[in-house]
Structure formats: C-alpha cells, structure tokens
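Asks: Now for the letters of each chain:
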Amino acid sequence: MHPLHQILAQVAGRNRVKPGEFIVVKVDLAEINDLYLQVILSFNEMGGDKVWDPRKITFVMDHYAPAPTIRAAENQRKMREFAFEQGIKNFFDINQGICHQVMPEAGLVWPGMLLVATDSHATTHGAFGAFSTGIGATDMAAVLFTGEIWFRVPEIIKINIRGKTGKGIMAKDIILYIISQLGTDVALYKAIEFDGEAVKEMSLDERLVLCNMAVEMGAKATYIRPDEKVMEYISHTNPKKYKEYQSIKKSNNINSEEYESIFNFNISNLEPQVALPHRVDKVVSVLQAAGKPIQQALIGTCTGGRINDIKIAAQILKGKKIFSSVRLLIIPASNKILEKCIELGYIQTLLDSGATLATPSCGPCLGAHEGVLAPGEACISTSSRNFPGRMGSTEAKIFLSSPATVAASAIKGVITDPREFL
Amino acid sequence: MFKSIIKGKAFKIGDDIDTDQIYPGRYLYLTSPEDIASHAMEDIIPDFSEKIEGEDWIIVAGKNFGCGSSREHAPRAILYAGIKAIVAESFGRIFYRNAINVGLPVLKYPDIIKKVHQGDLIKINLQDGLITLYKPERKISIEKYPPQLLSILKSGGLISYLKKYGKYSHFTDEI
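Residue numbers (this note's numbering), protein chains in the order written: chain E, 1 to 422; chain H, 1 to 175.
With the rest of the complex left out, here is chain H (with noise of 0.2 Å):
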C-alpha cells in the first residue's frame, strides 16, 4: 500500500555504500522475501535485523547510495528488512531505479547527513516533496518526485504498475 507520508526514525549510514556492502554477491542465488532480508548489510552491519527490529527505520547515507552491481537483492533486501525509504544525498543510479521498482521511497537531499543523528524522527511527505526534521521541528523541500516516477511508486512498484496499465502510461508526456 502507497503511503505518501513516511515516518521513521533515522539508520544513519556512510558515503560510497556499495550493492555488495548492502547485499553480498555469494547470496545473490536467493528469490525468497525471507532468505533475502536474512542477509541484508549483513557484511557491514551484522546485527542490522536485530537493531531495526520492532520500529519504523528510514536510512539516512551520504553520496552514492547503492553504486555498483546491478542486484535488484539490494533494495529488495533493504525493503523486506522493513526499511521505510531512504534519504541520501545520491544514488548509484541502476539502484535509485530498482528501489522504485520495487516499491521503496528513495529521495535526495544534498546535505541530509549533516542535518540528522542517530535515531532522530523523520517525516516524508512524498507528494509534496517535503522532509520534516524535529529538534528543533524544521520543514526542508526536496526536490519533487517526478510524476512518471511517482507513478509507479503509488502502484507500489513496477510490476503492479504493469499489471494495472500494460505500459508506461505516464511517460509519454515531455515534462
């Protein structure tokens, strides 16, 4: 189910994290929800389940988010680890993409990291384009999802886009 606003509490996260930090390449054999959520940034962050475990998580990084390998795992994994979205201030672009496919909210925001600690409540308002950060309480605009892209995330993914249009309905348009 799309959700246009996103609350979570801050997973804060370095530059340059790679596909292979994110997902390990020697699982990449795996299709189920479960085995794939088993391993996510199990190489980086072994006990990542355990320390997301019963709250509402949105993971903050600095440049390059996701870069490397084409995996779709990456962001599945993330998502099924029950991550809400993830803000950062750019994204390997072949994982920006599979994240939208696959149903989880991915934004950028050029100095994100600098802005959060640890822990502190996010709130994203993905139609409107707003980030609102609390301590002191603060509203910072994003730049807007396009439309075509936020499309398919209000589907809750490619696959349901396709289903319910057959084609790529909301791109024929220049913007």
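Chain E with its partners taken away, still in its complex shape (with noise of 0.2 Å):
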C-alpha cells in the first residue's frame, strides 16, 4: 500500500484500503479558523453537547487577525467562548499566524497522522508525511461531535521533479510551472505524491510551497515521503512523535502499481515563472509577463510567507527602494516566522526599502482586510489564488509569482526578472 493509504487503513482501523472505498476514519487532529462560525452552530444543531475530544481540536484566529470588523471580532468571541467552555486548550489567537503554519510549529503536525482543517490549503501538512485535507464547516461540526469522517479513498499521482533550479529559481516557480502543465482538475479527488531529486534537495519550506498549492490541481491530500529534514524538524516540535515515527518500520520502495499516473518534470532550464489573471493554470515565463506595471507587492500567505520567502525578498531589496507608485506588504505567516526575521535584521531591511509590515495572518489574500485592491488595479503575489475578486476589486488584476519576483517588481513598479538583482 501507499503510505497515504496506510494512514487511511490505520485511522480506519482496517488493514488495507483500496481507492474508491468509502471509509469512516479517526481523526488526529482537527482545525478550525475564524471564519467558521458555522461549525459551532452545525455542532450545536446536530445536538452536539461536549466536543468528542479536546485535546485534539485547535481553533486558529488567522483569517480575520485583527478583526476588521464588529462581526468578525463577534465570530472570534463566540469561539473563544466555545473553546474555554469545551476545555479546548489548542486555541492560537490573532497574536500566532496563519494555521498551516502555526499547527507544525506547534508539534501538531507529524508524519502518519490524519489531519482535518476547515481551510483548503490543508493539503501542505503533505510535506511532513501526513495526511492532510481541507473539509467544510459541517463536515468540521460531524468531527466534533463523533470524532470521524468518511472519505472515498483516493488515487494517487506521482510528479517526479528531477533536475537543478537555476538561479533565482523557487518552489514556487516549479509548481506554477507543474499546474500549468497538468491542469487545475487533474487532481480531483485524489492524492499527489511529490519526489525526485529536486524535492529532496529543497528545504522543508520550499516542499511547502509545493504540497500547499496541490490543491490548485484539486488534490485532497499531498506526499512528500518524509526524509531527514522532516525529522529534525518534527524532533524539535513533537520529541514524543518522533521516536514513535522513528521506531515503525517503513517500506523503503513503493510499488509503482501504487499509483494511477506518474508525471515526469525536469526543472533544469525553467525560467521564473508568473501566473496571469485570472486563472492558476494560465502560465508565462517572467519573460513574457516583464513589464506589466503592478501597484501592490505581496509577500505572505500560508503559499510565501515562511522564512525563506522573506529572506530571498531581504537579499533582493537590501540597500534599495521600491518604485515610488508601489505598496509592499510583508505578512510573515508566524509570529515565530515574525520574530526570526526580525533577528535576521530581513524586516529592517524590507522597512528600509519602504515596505509595509502587516500582522502574521492570512492578510488580503481572501479579499477581506489588510491591503485589498481597487478597481483597475494589479498585485504581484506570492499567495496561491488569483481568481477574480480574490483580493478585493473584481477588476483587479492578481499575477502569482515566488518571492523573488515580488521582491524584483517591487524595485520597478512592474513586473521584473529576479535573476536581474541576484
């Protein structure tokens, strides 16, 4: 079997599982952010009374962090007036960051686990080995109040990334790259095991940015078998769930009869890559989409606001300022991510060139506070969504890049090749 679908058998206590199943699972862990009010009200409507486990729900206050208005901060207490009635002690206030990146920090993230989250970009946790699904508000509720969920089990896909990025090349650009190659649907339904020697040379950011946007092609979950630099990593967040992951004993080679499909990339010659307006899939090399004037930078999101992102954006901009006409926003995707940069010396960098520093949060990027566009107006962004209307105005116009691009564009007020400041 797949280690997804060993996660799948394990969870639903069986000893295999074949895609197409429907199975009722355990869940490990289930999140919810603030802009589900409704799971509380489907909880109580279904009856619910005490929650079937507390130590394995976590709130996240990450879409509306501040509160920008008196109903969303009315949302966020009756949350957390739920969650100190349920002895939910998992409650991560505005004060934390964006959920897909606060749960691993945590030690709520661990390979072999069955993740829920009420956010569609759950498909990330992939990278750390687990299995990871975006569900929906009462979905979410029927967790609460029975502890499971049913799912059909799912194919999976394998994309191999073979080859070396050149320079300037990022996570980000390979995956807007794969999309544009596979399409926003190849995925529906079912799961996607990234490998090849690229993924294993990127670092764990970089593998985020990869299983993050695998929902962009309708994946449920992702697969990133875990390696060394996962377990450094979950080493220092879940000491206790790291011996217990280290002592099972895995299967070294997964049969290729696993999968439905394999896709092959090599990466070696692609050029930083941009997705235009208004479409995920609609792809160009920066080459082509050089010049077009943006008003608004953005580097954040669950998809480009780790470490990483703000530290390519740091080398970039060091000693530089950005074009008179444009805004920068830098929203790291943690208060921890906050802190490390700070340390760095990456924000005063970014404050020196004129950027504009937001809270760790999901910001504009679904089009309700923090720097939402005006009519006729462009961004250029690290997030993973630029469908209409996604970060404000429907006639604003959103291009999807890496970081370093943002960075570059930001300097030029229009959209510019990375590889000129590198």
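What the hints contain is simulated information worked out from the structure, not anything from laboratory work.
Since the model is a prediction, treat every value here as computed from it, not as a measurement.
Virtual Cβ for every residue (Gly too), placed ideally from N, Cα, C.
Just so you know, not all the hints are guaranteed correct.
To be verified - Derived Cβ-Cβ restraints for the label pairs, each shown as a range:
1) E/I248 - H/S38: 50 to 56 Å
2) E/I248 - H/F2: 40 to 46 Å
3) E/N160 - H/K144: 32 to 38 Å
4) H/K135 - E/N252: 56 to 62 Å
5) E/K250 - H/K163: 40 to 46 Å
6) E/S325 - H/S160: 31 to 37 Å
7) E/G47 - H/T132: 34 to 40 Å
8) E/K250 - H/D15: 37 to 43 Å
Combine the two chains into a complex, taking the hints into account.
Replies: Here it is in structure tokens:
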C-alpha cells in the first residue's frame, strides 16, 4: 500500500484500503479557523453537547486577524467562548499566525497522522508525511461530534521532479509550471505524491509550497516521503511523535502499481514563472510577463510567507527602495517567523526599502482586509490564488509568482525578472 | 424534505467556477441564510437572484465547479438562493462534500454542458441515477449516487443525518 493508504487504513482500523472505497476514519487533529462560526452552529444543531476530544481540536484566528469588522470580532468572541467552555487548550489567537504554519510549529503535525482543517490549503502538511485535507464547516462539526469523518479513498498521482534549479528559481516557480502543464483538475478526488531529486534537495519551507499549491490542481491530500530534514524538524516540535515514528517499520520502495499515473518533470532549464489573471494555470515565463505595471506587491500567506520567502526578498531589496507608486506588503506566516526575521535583520532591510509590515495572518489573500485592491489595480503576490475578486475588487488583477519575482517587481514597479538582482 | 425527483430549468455556467465567484471571501463572516443567499454569485452574475426568481432552476456547469476554498458558504448560498440541484462535468472535492452535507444534490455528468441550452427543462431522478432531457425527450444514465452519500441527502444533509443516526451508520460496509 502507498503510505497515504497506510495512514487511512490505520485510522479506519483496517488492514487494507483500496482507492474508490468509502471508509470512516478517526481523526488525529481537527483545526478550525475564524471564518467558520458555522462549525459551532452546525455542532449545536446536531445536538452536540461536549466535543469528542478537546485535546485533538485546535482553533486558529488567522483569516480575520485582527478583526476588521464588528461581525468578525463577534464570531471570534463566540469561538473563544466555545473553546473555553469545551476545554480546548490549543487556541491560537490573533497573535500567532496562519494555521498551516502555526500547527507544525506547535508540534501538532507529524508523519503518519490524519489531519482535517476548515481550510483547503490543509494539503500543505503532506510535506511532513501527514494525510491532511480541507473540509467544510458541517463536516467539521461532525468531527467535533463523533471524532470521525468519511472519505472516499483517493487514487494517488506521482509527480517526479528532476534536475537542478537555476539562479533565482524557487518552489513556487516549479509548482506554477507543473499546474500550467497538468491543469486545475488533474488531481480532483485524488492525492499527489511529490518525489524526485529536486524535491529531495529542497528545504522544508520550499516543499511546503509544493504541497500547499497542490490543491490548485484539485488534490485531496499530498505526500512527500519524510526524510532527515522533516525528522529533524519534528524532533524539535514533537519529540514524542518523533520517537514513535522512528520506531515504525517503513518500506523503502513504493510499488509503481500504487499510482494511478506518474508525471515526470525536469526543471533544469526552468525560468521564473508568473500566473496571469485570473487563472492559476495561465502561466508564462517572467520574460513574457515582464513590463506589466503593478501597484501592490505581497509577500505573505500560507503559500509564500515563510523565512525562506522573506529572506530572498530582503536579499533583493537590501540597500534599494521600492518604486514610488508601489505598496510592498510583508506579512509573515507566523509570529515565530516574524521574530526570526527581525532577529536576522530581514524586517529592518525591508522596512528601509519602503515595505509595509502587517500582522502575521492570511492578510488580503481572501479579500477581507490588510491591503485589498481597488478596481483597475494590479498586484503581484506570493499567494496561491488569482481568481477574480480574490483580493478585493473583481476589476483588479492578481499575478502569482515567487517571492524573488515579487521583490524585484516592487523595485521596478513593473513585473521584473528577479535574476537581474541576484 | 428529500425529493428523489427534481425538476427545473437549466441555468448554464462555465468551467472552473471557483468558490470566490460563487461566494466572495469578503462576506464569510455572515451566518444567516438570508444574508448568505443575497451574495450568491454576486461577482459574476450580479442580478442572479432576479434571474432565478419565481421558477425552479438547476445549475448546469462545466468542469471543476466549486474549486478553491473550503467555504461551506458556497453551496449554502446556492441552496438558500433556491437552486434545486447542480449537474456539472466535475466538482471541486470540498464543494462536492459540502453540498451533500447541506442537502444540495450535486451530480456529475461528462458532457452535460453540451447537451442542454439555457432554460431547457431537466428532470433528475436521484434514486435511479437518471437525467431526463427534453427537445427531443431522452433519458441519460448518470453514475448512481453511492448509497452512503444518498443516505446523507435523504436525511436532508449531515446535520439531520447525525441527529437521526448519531454516527456514520451507512458507511461501515465495503462497497
């Protein structure tokens, strides 16, 4: 069995599972964000009284952090009250960051677990070897009620990434290119494993970008085989699970029959990539997008707000000023990342260049606050989605790229090849 | 109330209609059915509620309908606006689950978008997995609903299902 199927079999209490089967599984961790008061409403409507296990539930106030409207503030207040009444200790308030960064930092993510979150980018945690997927509010209410969820066992697609990245090429360029080649529905109802020498070479931060964006191809979950980089991280965040996982016997080879399909990519000659408005799969080389004017540049979100992303931006912007008519938003994915970036001097460098620092959170990525776009404006962003209206006005344009391309574009005021500055 | 037979006029829409287009992120703090319904499809079809007023409609879509976010507001907005069902080539997976969980029938059929015109009458038989099209009248077989998912729809959604059964009673056997 594929490791993702092994996880499902284990949480289903069975020896085997087959793609296409319906199973009911026990959840190791359930995460709820501040958008979905509906989880609590549905839980109450079901007749819920006490949640199944307060130790396995976590709340993260990240999408509306800090609250931009009275209604959002009220929803957050109700969530705080619910968590308190239910004895849910893992409550991460507006001073922590984005759920997909906060959970791993807090030791709540480990290889071999089953995680569900009320956020589609839950696929991120496949980079730690977890089966992790996004679900809606009522599904989550049922998890709180029963501790269980049903799944159709997904087929697995393997994506092999070979080759050595050139100067200025990041995981974001690689995944945008792959999405452009495979389309936005290639992995619907399926899971994706990333493998190959380029993935093995990548830092954990970079692998998270691949797994995060896999949902833009429809993926239910992702998987990268945990290696020493992952285990080193887990040894710090959750020593108990680290030891447990080390003691499990794992097979080294996955039979090719386990895969529904296998795609091979060689990224040796890849250039920086840009997704044009309003589709994640409408991707061109930066050379073709270069020169398009932008008014806002965003480095942040669960896709592109990690240390690696802020580091490359600081490297490019050191000693330079952003273009006079550009707003550069820096929104670290978590407070821990912000602290680390302050310590390393990146934040000072970026502020000196004219950047605006905002609260670690999802920022303007869902069009609610902290830098939404006016009609006619264009933004280049490290985030994951450029759908119409995603970041404010439906008449605004969003270009998606790596943080290097965002930083270079902020200097010139037009989309710019970052290799000019590296 | 669950109805196995659903009739309505086709409301056609394209490929890759994402959840931001179905229900914009700026309204995710809303929770009442009336509030949520008022923003359905707002950014792509500003007069959506007027267009569907007074008649029964079934959304007929291309591939990957409801891709993107996990927001349950998206199927709720469509349901609360009065849409009876959605037939699409394929669905974003979270949207598909969410729709069933809130009691909105969603059906997959590969070429549906090519087979109907805007406003054509459609009849769906959920139990038997059949869609009837008219002009000329013909029946097309669709993949039958997995019995587990039909059991949730029959209850009127996951909330009523769990109220009734207390657990996933229809999911324990292999199919």
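Asks: Identify every previously stated hint that the structure contradicts and give their numbers, smallest first.
Replies: As far as the earlier hints go, only 6 is violated by this structure.
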